[in-house]
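A.B. asks: Chains as they are written, first to last, in my numbering: chain A, 65 to 357; chain B, 1214 to 1467.
In short, the hints are calculated from the structure, not lab data.
Treat the hints loosely; a few may be bogus.
Straight-line Cα separation of at most 27 Å, BS3-like style, residue types lysine-lysine; simulated pairs [to be verified]:
(1) Lys-99(A) x Lys-316(A)
(2) Lys-330(A) x Lys-316(A)
(3) Lys-1457(B) x Lys-99(A)
(4) Lys-1457(B) x Lys-1418(B)
(5) Lys-330(A) x Lys-99(A)
(6) Lys-1418(B) x Lys-99(A)
Sample of chain B residues lacking proximity to chain A, with all beta carbon distances greater than 10 Å (derived) [said to hold, decoys possible]:
(7) Asp-1292
(8) Ala-1296
(9) Pro-1319
(10) Gln-1349
(11) Gln-1360
(12) Ser-1366
(13) Leu-1458
(14) Phe-1465
So, partial list: chain B residues that the calculated Cβ filter (under 10 Å) puts toward chain A [stated by the list, open to error]:
(15) Leu-1353
(16) Ala-1355
(17) Trp-1407
(18) Leu-1436
(19) Ala-1444
(20) Leu-1446
We treat Cβ as the ideally placed atom computed from N, Cα and C, and that holds for glycine.
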Amino acid sequence: MTEPLIDAHAHFLHAGCGRSDWAEVNAARFRAGDKMGITCHVASVLGSYGFNSPTYFPSPSDVMAGNDAMLALCDTEGERVRMLVTVNPNYTERALAEIQRCAARGAVGVKLLASRRADDPLLDPICALAAKHGLPILHHIWQHRRREWPNQEISDGADLARLARRHPTVTFILAHIGGGGDYQHTYAAIRDVENIVADTSGSGVDRGMLDEAVGALGSQRLLWGCDLTMETGLAKLRALENTGLSSADDIKDIRWRNAARVFRLKSPPAPGASPPQAASRPAPKARKKRARK
Amino acid sequence: MIDVNALIGPYPFRFIPHPDPELLERVLDREGLSGAWVGHLPSAFYRDPSSGNAQLYTALAPHAATLKPVPTIRPDWPDWERALGVATDAGAPAVRAYPAHWQLGPGDARMSELALACGEARLALILTVRFEDLRQRHALDAAGDLQAAAVRSLARAGPRVRLIVTAAGREFIEEVHWGLTPAEQRRVVWDFSWVWGPPEDHLAKLFRSIGSERFVYGTQWPLRLTQNPRANLDLLPDDLAQAKLGNPEQLFAE
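For reference, chain A alone in the conformation it holds in the complex:
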């Protein structure tokens, strides 16, 4: 592998998430990432992942603890891991302070969950601050919102499009086209909103999903990613090379160049680059609980 590969949608666990196997899961992400040739994981921590407060409605203290864990991981891993700062827009002042704090320490973007509908005015000050810092916003998305679902205030492509139109200088990353819901609705909803790009992550590997994404958005508006299932990320990577829809140059864009542009990465790590303190990573521990997504 000679090209960089940026996972634009990754998550890491931490000691406060209530899982005894948190370090094992993180190590598995690095193990699989190394096999796949991932040179940079752009990642966030989602509060306590439901242990102290709900994953998609994290309390301010859980948000801060999660971001602290993410900052510590960035310190350990160097350019191999880049951080998105997670915030809950229901706590405006805390959210803004958290963005300031983490941006000062190198966060390359903002992560919004499903704590508030994407087109809610409460998101405006967050977007304004993101614009000031030149940070993109990765927004958790349910592809085609047809009803409410428990434990999330879900948003879809149409909701995000309304927000993006209000903040044309911010780049919004529509999360995981394979993450559940009707991605075909999403493509129609965001096709004409140029400041929205989409990431390809999620467990869904429907045939046609990528073809239609390239057709609707173009290769320059797609970021490759994995989220919680790295095998589907690898499958999509291989599928891109087999579809014949994208040129070799387009595939480079999806693999890493679009992400490098959106996250303003001056030097995406080259293949084979070692993290500065990889040996200090915590050793895997035994598993007790499992993911729920």
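With the hints as your guide, set chain B onto chain A.
C.D. replies: Leaving out everything else, chain B in the frame of chain A:
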């Protein structure tokens, strides 16, 4: 290696590109697979699958060396036993059934009769947990996922029953497996087209807990990317890199 979970034909709820046997053969070649057991996707939604089975046999005839027909048999339809005889005569290695789509609940005696009859004919019975993620389904797609209880019930129906359960996730597999006796467990194999890989490593955990030989290779083409199960195997931890999968052609040798 054989893909036990391939289909041809259109899907009623979304467009899928080129669901044809000609393309399937090319995909198998690209993926290094020697053949596929192929069902007829629209038949899952037909009231009477007979016409779909006829289409399947006709469509696969020119590809007999690599593509084996897996007809759909509905045991609450009159004269289904005849369809089973036709399947045997056609060289089918298995038949497909969709009890959730036919509103045949767990424990339905007609499904047990089909499973037993398939076993006597040395045909595997292929069950499908889902075609699509629950969150994206069309409003008219109201069948719901297959229940684990339905699989347990069929596995207990008799010693000659052989089930291939496709599109199940880790929790479903574990619920069935640990709810069966060791003898019943040996009647069930799983494809891993919907099992998560890293970082949660569900596939690795299942290989370690219930054994890699209880899994067979299935893609759910043309609905899903054929690259997915291969990617899952490629990302297994090193100690499982040589894990041996079950051989669907040897199901009745056990």
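A.B. asks: Would the pair Lys-1418(B) and Lys-99(A) pass a check requiring their Cα atoms to be no farther apart than 27 Å?
C.D. replies: holds (19 Å)
A.B. asks: Going straight from one Cα to the other, do Lys-330(A) and Lys-316(A) come out at no more than 27 Å?
C.D. replies: With Cα atoms ~16 Å apart, Lys-330(A) and Lys-316(A) stay inside 27 Å; holds.
A.B. asks: Is the interface hint satisfied for Leu-1446(B)? The criterion is a beta-carbon contact with chain A at less than 10 Å.
C.D. replies: holds (9 Å)
A.B. asks: CA of Lys-99(A) to CA of Lys-316(A), is that 27 Å or under?
C.D. replies: Cα-Cα ~18 Å, so holds.
A.B. asks: Taking the closest pair, is the beta carbon of Asp-1292(B) still more than 10 Å from chain A?
C.D. replies: Answer for Asp-1292(B): holds, closest chain A Cβ roughly 35 Å.
A.B. asks: Please settle this one: Gln-1349(B) was flagged as non-interface, so is its CB more than 10 Å from every CB on chain A?
C.D. replies: violated (5 Å)
A.B. asks: Below or equal to 27 Å on CA atoms is what counts here, so check Lys-1457(B) against Lys-99(A).
C.D. replies: holds (20 Å)
A.B. asks: May I ask you to check that Gln-1360(B) keeps its beta-carbon over 10 Å from the closest beta-carbon of chain A?
C.D. replies: holds (20 Å)
A.B. asks: For Leu-1458(B), which was marked as not at the interface, is the minimum beta-carbon distance to chain A over 10 Å?
C.D. replies: At about 16 Å from chain A, Leu-1458(B) clears the 10 Å cut-off, so the statement holds.
A.B. asks: Checking the smallest CB distance to chain A, is Ser-1366(B) really beyond 10 Å?
C.D. replies: With a cut-off of 10 Å, Ser-1366(B) remains clear of chain A, as the shortest Cβ separation is near 26 Å.
A.B. asks: For the hint on Ala-1444(B), just tell me whether its beta-carbon gets within less than 10 Å of chain A.
C.D. replies: Cβ of Ala-1444(B) sits 4 Å from chain A, so the hint holds.
A.B. asks: Would the pair Lys-330(A) and Lys-99(A) pass a check requiring their Cα atoms to be no farther apart than 27 Å?
C.D. replies: holds (24 Å)
When the structure is compared with the earlier hints, violations turn up for hints 10, 15 and 16 and for no others.
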